[in-house]
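Taking our numbering, the leading residue of the sequence shown gets 1, the next gets one more, and so forth.
Everything labelled a hint here was simulated from the structure, so no lab data went into it. Any given hint could turn out to be false.
[Stated by the list, open to error] Computed list of lysine to aspartate or glutamate pairs in EDC-like fashion (alpha-carbon distance at most 20 Å, straight line):
1. K119 / E26
2. K119 / E88
3. K169 / E22
4. K183 / E26
5. K183 / E127
From a predicted model like this one, the values you see are computed outputs, not experimental measurements.
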Amino acid sequence: MGELIEIRWHGRGGQGVVTAGEILAEAAMEEGKYFQAFPDYGPERMGAPIRAYTRISDSPIEIHSQITSPDIVIVVDPTLIGLVNVAEGIKEGGVILLNTPASPQEMRQKLGLAGKGVKVFTIDASEIAMKHLGRNIPNTPMLGALIKATNLVSLESVIRLTEERLGAKLREEAVKANIAALKEAYEKVQEG
Numbered sequence: 001m002g003e004l005i006e007i008r009w010h011g012r013g014g015q016g017v018v019t020a021g022e023i024l025a026e027a028a029m030e031e032g033k034y035f036q037a038f039p040d041y042g043p044e045r046m047g048a049p050i051r052a053y054t055r056i057s058d059s060p061i062e063i064h065s066q067i068t069s070p071d072i073v074i075v076v077d078p079t080l081i082g083l084v085n086v087a088e089g090i091k092e093g094g095v096i097l098l099n100t101p102a103s104p105q106e107m108r109q110k111l112g113l114a115g116k117g118v119k120v121f122t123i124d125a126s127e128i129a130m131k132h133l134g135r136n137i138p139n140t141p142m143l144g145a146l147i148k149a150t151n152l153v154s155l156e157s158v159i160r161l162t163e164e165r166l167g168a169k170l171r172e173e174a175v176k177a178n179i180a181a182l183k184e185a186y187e188k189v190q191e192g
């Protein structure tokens, strides 16, 4: 079997976590990879904690379960840090991307990852979303930061698919604002 990358997203309903996971999966498919993308939530309402999962592989994916040992963890909502063990199960050599104004070094300490072989990236995706969208919907900035941090798929694929997906439900100005937020986060993500 080819390389399998397993991603776990943490966020809240209404933040675009599921949409971001689907855009990433579609970009992987367009680049010749196999994928799975699915949410994990019950009847919760907007604002309730949710998880979503994305798998990307060079070969067909035969696993159909939640991801408990992710290669990559993405925390879209920083209020979940401390409420949920977001780093639980992350693999040695894994990547954790957090929406926070804190530095990667601060977050490494806070999450108990000091001395562990996990790469920590931070981006203030909420601030970028507020700047471009006027609302705290940080999914597109988090996608931009993820692409820069991991090179899983090309930035161009993600931009095109974001335009396509969001263009079906949002006004042109809103789509352009999301792309600007995605690009800004791509440039500003920090590693530590």
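So, going through the hints one by one against the coordinates:
Distance hint between K119 and E26 is unfulfilled; the C-alpha atoms sit about 25 Å from each other, more than 20 Å. For the hint linking K119 to E88, the alpha-carbon distance of about 14 Å falls within 20 Å, and the restraint holds. The hinted pair formed by K169 and E22 meets the criterion: a straight-line CA distance of about 15 Å does not exceed 20 Å. The straight-line distance between the Cα atoms of K183 and E26 is roughly 19 Å, inside the 20 Å bound, and the hint therefore holds.
Taking the CA atoms of K183 and E127, the gap is about 14 Å. The hint holds against a cut of 20 Å.
Hint compliance for this structure: hint 1 alone is broken.
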